[in-house]
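Can you build the whole structure from these sequences, using the hints too?
The letter at position 198 of the sequence shown is residue 225 when you use our numbering, and the numbering goes up by one with no holes.
Read the hints as simulated data drawn from the structure, not as lab findings. It cannot be assumed that every hint is accurate.
Okay, derived cross-link-like pairs now, BS3-like style, lysine-lysine, Cα gap no bigger than 27 Å in a straight line [stated by the list, open to error]:
#1 K248 to K111
#2 K67 to K88
#3 K383 to K248
#4 K367 to K209
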Amino acid sequence: MTDSSLVDKAGTIRAGEELDLEQLRQYLQPVLGSKVANLKLQQFPGGFSNLTYLLSSGSDKWVLRRPPFGSTVKSAHDMSREYKILSALQNVFPYGPIPIHFCQDQSIIGCDFYLMNYIEGLVIRREYPPQLKMTPDQIRQQLFNFFDVLGELHSVDLVAAGLDTFGKPVGYVHRQVDGWCKRWADAMTPDTANCDATMQWLQDNMPAESGKASVIHNDYKMDNVIFSASNPQQVIGVLDWEMATVGDPLMDLGCTLGYWVETGDPDFFREYRNMPSDVEGAPTRRQIIARFQQRTGLSVNNFPFYYCFGLFRLAVIGQQIYYRYYHGLTQDIRFKMMVKKTIILQQMCELIMAGKIST
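Below is the structure:
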């Protein structure tokens, strides 16, 4: 039986992120029919990038995705691209939401957006909900299942998905390092960290390509995954596909483990933790890598590079978010704190480069 108290719930829309509900009602009438008459709009918590809203009419529910307000990085918020990837994955990856409708008429809410089905379940953020009772063994299995689904994504047949010509997998690692270094330069503010040494180290320690091209999510973390509210160890949905592409799966693993804080990490980094990866029962990065290799058949060599890249990339994303706040493009007070996280992530990169962090 589903525990309704565990189901992720939408709530009040944040100030400055309101949508024109009447415009939506009129536009969506051909899509949703008479249900638009009682259409209600709420917003899901969390998220610093693309915004997610709940549309409901009686017992019917849908999810609307749109770019963030005030963003100037259009390539990072391509709604049509996200919609295309979800459409392609429908028959080959059972965890993606079902896309319903894409709108490129920017007169409706001021931007492109799309509608998808609503997946009811548990979303885990910084802490486990207090009413969720799991043993350390159950937590361990849940988190292994979380990474197993990432491995399933990396095993998707690109031809069967129609994604064999999507993205540019050859030279992916080199382009990613160059691209994120440029993004850092474009988003710098006077009060942020100095990442020059990290960027040079990534250039100097770049490994050869893994030789495998996979669908990669590029932001796979616990609050982008939906677990069953009746069986919390089971993954039932994967969300937020805005950065997905075809590329090197080891880069994707490194990006996910950039979020992974464990008990042996420095205290300053454990303060950064945004998911419960250091609770009793949670596997370490080494254990996750071993499991990933066993499940996918991929060899994870040169992991300090992939891990350092994952941390640096998160620092850049945090800095891009903070840049919007610094220049008055958003009023969301959460964005103000991102500069501190950027500095913490850079400190971890320095420890990896010095060989002081176990990966």
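Hints, verified against the model:
1. K248 to K111: Within the cut-off at roughly 21 Å; holds.
2. K67 to K88: holds, 9 Å
3. K383 to K248: Holds, at roughly 25 Å.
4. K367 to K209: Measuring from Cα to Cα gives roughly 21 Å; hence the hint holds.
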